[in-house]
Each structure stands twice: as C-alpha cells, then as structure tokens.
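Peer 1: Protein sequences, first through last, are from chains A and B. Residue numbers are given in the numbering used here: position 9 of the first sequence equals residue 709, and the series is strictly consecutive. Residue numbers are given in the numbering used here: position 111 of the second sequence equals residue 811, and the series is strictly consecutive.
Do not rely on the hints blindly, as some may be mistaken.
[To be verified] Computed spacing ranges between beta-carbons, pair by pair:
| no. | chain 1 | residue 1 | chain 2 | residue 2 | range |
| --- | --- | --- | --- | --- | --- |
| 1 | B | THR754 | A | ARG776 | 24 to 32 Å |
| 2 | B | ARG775 | A | ILE739 | 20 to 28 Å |
| 3 | B | GLU731 | A | ASP742 | 40 to 48 Å |
| 4 | B | GLU727 | A | PHE808 | 26 to 34 Å |
| 5 | A | GLU789 | B | ALA768 | 17 to 25 Å |
The hints are simulated quantities; they were obtained by calculation from the structure and are not laboratory data. Note that beta-carbon positions come from the ideal geometry of N, C-alpha and C, so glycine has one too.
Here is what each chain is made of, one letter per residue.
Number of protein chains: 2
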Amino acid sequence: MTQRLVAGLEPPYYTAVFTSLRADDPEGYAETAARMQEIVRDVPGFLGYESARTPGGIGISVAYFRDAEGLDAWRRNAEHQAAQRHGREHWYESYSVHVGKVERSYSFDRR
Amino acid sequence: MTQRLVAGLEPPYYTAVFTSLRADDPEGYAETAARMQEIVRDVPGFLGYESARTPGGIGISVAYFRDAEGLDAWRRNAEHQAAQRHGREHWYESYSVHVGKVERSYSFDRR
C-alpha cells in the first residue's frame with residue numbers, strides 16, 4: 701500500500717470529522733471532492749486530511765488543523781461553502797460535522 | 701439507505717478517531733470487529749460508533765462518548781486491549797488514534 705496515514709502529530713491540534721450518507725458516485729462529486737482536497741492544503745495550520753467510504757454505506761472524512769483559527773478559516777472559505785451548499789442540495793442524504801480538540805494521540809506502524 | 705449517522709449530540713462530548721491501513725478482510729477480523737461493536741455499547745457514557753473503509757484503502761472509525769471517563773474505560777477494557785494486540789500482530793500495517801473533545805457539531809438531514 702502506498703497510502704499513508706496522518707500520524708505523529710503533537711497534541712493539541714484540531715479535527716473536523718465529517719460523516720455522511722449519499723449515493724455512490726453522484727454527478728460532479730468526485731471533481732468537487734478533489735478540488736476541496738487541493739484547496740484545504742492552503743489553509744493556514746492545515747496538517748492533513750483523510751477520507752474513507754464503505755461502498756453503499758457511510759463516508760467519514762477527517763481534516764486536521766494546528767489550531768481553531770485554521771478550522772474557522774476552512775469553514776468560512778467561500779469555495780468550500782459553495783460546495784457544501786451544492787452537497788446539501790444534490791448529493792447528501794444526511795451529514796454531521798464534529799469539531800474537536802485532540803488531547804491525546806498515538807500511532808502504530810509495522811515498518 | 702437504512703443506515704443512520706450519529707447526529708444531534710450536544711457538546712461537549714468525546715471522540716476516539718481510529719484510522720488504519722490493513723489488507724481487505726483478513727482472517728478473524730470481521731468477527732472481532734463485530735464483537736468490539738457489541739461490547740463498546742456497554743461502556744458507561746457510550747453515545748455511538750461509526751466505521752467506513754474504502755476497499756483497498758484507508759479505514760476510519762469513530763467512537764463517541766459523553767465523557768473522558770468512558771473513553772478511558774474503553775481503552776482499558778481487557779477484551780478490547782487483547783483485540784488491539786492481535787490487530788498489531790496480524791492485521792494492521794499501521795494505525796493512529798486521535799482522542800479529542802468535541803466543542804461544536806452540526807448536522808443536516810434531507811428528511
């Protein structure tokens with residue numbers, strides 16, 4: 701596997717957990733998701749991003765930021781807000797966002 | 701879709717985000733995962749659990765607890781610890797755990 705996890709971050713840091721239910725591969729979704737993953741990297745304090753989706757099931761994404769200001773900047777980003785609006789209108793059956801401060805973390809790597 | 705998201709929780713609450721890379725469907729994994737999802741419900745303060753995995757890619761699970769004590773109880777659970785040890789030895793290429801306190805949350809539901 702060539703994928704890497706976001707790991708080894710030093711608390712405190714902040715996470716936005718986004719969980720969602722939607723149809724598989726709705727029109728325009730993949731392009732917008734790729735664009736969001738591109739622009740989030742320019743947000744000050746951005747530390748990483750991960751996403752997983754069980755086919756036909758739930759999707760979970762996590763964005764990691766150094767501080768609450770980075771999270772707020774991402775939340776207020778105009779292009780991000782437009783994508784969220786489009787998502788509510790066209791893609792998502794439901795979603796939830798849980799914004800929190802990480803107080804403890806640890807990692808395991810076989811290598 | 702009959703699945704439901706964990707939603708509408710009132711902050712503050714706590715989350716443990718578990719991200720992992722492993723082979724698809726390793727031996728014994730599904731049984732252990734089902735057992736863990738069963739016993740976590742008995743932990744005081746348990747609020748919910750969600751899991752997603754992109755085939756051939758990353759897996760992300762989130763457990764929600766009312767307080768830090770619930771999270772600690774789950775971390776110290778003997779059967780859970782044995783499963784984690786077995787996972788390190790047999791299943792996981794790598795994993796990370798991010799334990800945090802949720803300060804803000806919101807949800808969208810089409811219905």
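Peer 1: Does each hint fit the structure? Answer for all of them.
Peer 2: Status of each hint after checking the structure:
{"no.": "1", "hint": "B/THR754 - A/ARG776: 24 to 32 Å", "in the structure": "29 Å, holds"}
{"no.": "2", "hint": "B/ARG775 - A/ILE739: 20 to 28 Å", "in the structure": "36 Å, violated"}
{"no.": "3", "hint": "B/GLU731 - A/ASP742: 40 to 48 Å", "in the structure": "44 Å, holds"}
{"no.": "4", "hint": "B/GLU727 - A/PHE808: 26 to 34 Å", "in the structure": "19 Å, violated"}
{"no.": "5", "hint": "A/GLU789 - B/ALA768: 17 to 25 Å", "in the structure": "38 Å, violated"}
Hints 2, 4, 5, counting from the list given before, are not met by this structure.
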